[in-house]
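Once you've looked at the hints, dock chain W against the given chain S.
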Amino acid sequence: GDSVTQMEGPVTLSEEAFLTINCTYTATGYPSLFWYVQYPGEGLQLLLKATKADDKGSNKGFEATYRKETTSFHLEKGSVQVSDSAVYFCALGSTSYGKLTFGQGTILTVHP
Amino acid sequence: NAGVTQTPKFRILKIGQSMTLQCAQDMNHNYMYWYRQDPGMGLKLIYYSVGAGITDKGEVPNGYNVSRSTTEDFPLRLELAAPSQTSVYFCASSYSSRGTDTQYFGPGTRLTVL
Chain S
7 GDSVTQMEGP
17 VTLSEEAFLT
27 INCTYTATGY
37 PSLFWYVQYP
47 GEGLQLLLKA
57 TKADDKGSNK
67 GFEATYRKET
77 TSFHLEKGSV
87 QVSDSAVYFC
97 ALGSTSYGKL
107 TFGQGTILTV
117 HP
Chain W
24 NAGVTQTPKF
34 RILKIGQSMT
44 LQCAQDMNHN
54 YMYWYRQDPG
64 MGLKLIYYSV
74 GAGITDKGEV
84 PNGYNVSRST
94 TEDFPLRLEL
104 AAPSQTSVYF
114 CASSYSSRGT
124 DTQYFGPGTR
134 LTVL
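Which chain is which? The protein sequence lines are S and W, in order.
First residue of the first sequence? That's 7 in the working numbering, and the numbers climb one at a time after it.
First residue of the second sequence? That's 24 in the working numbering, and the numbers climb one at a time after it.
So that you can see chain S by itself, here it is in the shape it has in the complex:
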């Protein structure tokens, strides 16, 4: 079945550092890929998505490219801010009733 694996956390960075959070997936067919972010005390919200191979999703300085050959969708940001501290979830979207399969989440803490 479908599965998503994220890099183990937590990740702690200083402000302006470069961020990479790895995400790989296993799926049949051609799923869509998502990054959701959960700020403290809040629900999840969409950060970015890509719906086909080689697509790049981007938002708020974050980027991720859908790599079918490596089954990956790694999240990157060139210069993190304290306000980026949150939990980041990689997810795979199935055409089967729109089901999302989530990775385990990566806690990011950014220090001034």
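Keep in mind that the hints were calculated from the coordinates and are not lab data.
There could be a bad hint or two in this list.
[What the hints assert, rightly or not] No farther apart than 20 Å at their CA atoms in a straight line, the calculated lysine to aspartate or glutamate pairs in the EDC-like style are these:
| # | chain 1 | residue 1 | chain 2 | residue 2 |
| --- | --- | --- | --- | --- |
| 1 | W | Lys67 | W | Asp124 |
| 2 | S | Lys58 | W | Asp124 |
| 3 | W | Lys67 | S | Glu14 |
| 4 | S | Lys58 | S | Glu69 |
| 5 | W | Lys80 | S | Asp8 |
| 6 | S | Lys66 | S | Glu48 |
| 7 | S | Lys62 | S | Glu48 |
| 8 | W | Lys67 | S | Asp8 |
| 9 | S | Lys62 | W | Asp124 |
| 10 | S | Lys62 | S | Glu82 |
| 11 | W | Lys32 | S | Glu48 |
| 12 | W | Lys67 | S | Glu48 |
| 13 | S | Lys58 | S | Asp8 |
| 14 | W | Lys37 | W | Asp61 |
Below, chain W without anything else, positioned relative to chain S:
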């Protein structure tokens, strides 16, 4: 436009008690979902609905029930609460089931069963 709303935000139950978690959306979405989030884990799908009157089981449905009498509301019922149901519960909705659509999440209900 409130999006997806959930009540209550927090609740403590005793073993064996029952309760209903409320979820409502005002985006006229046909598709609605209930997830649970356990510490250090991703979200697991409990139940989903493709429209009023139509519901189906997700990955972890045992101990829960749902109903969908209107497009807007999708309550989750816990019968005979157990400590294993201690979790954070999220409701979500989407416009379609194509798999490319964004799901919109509520703020969550933190449930503790003692």
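- Message: Let me make sure I understand: some of the numbered hints might not hold for this structure. Which ones are they, in numerical order?
- Response: Violated: hint 7 alone.
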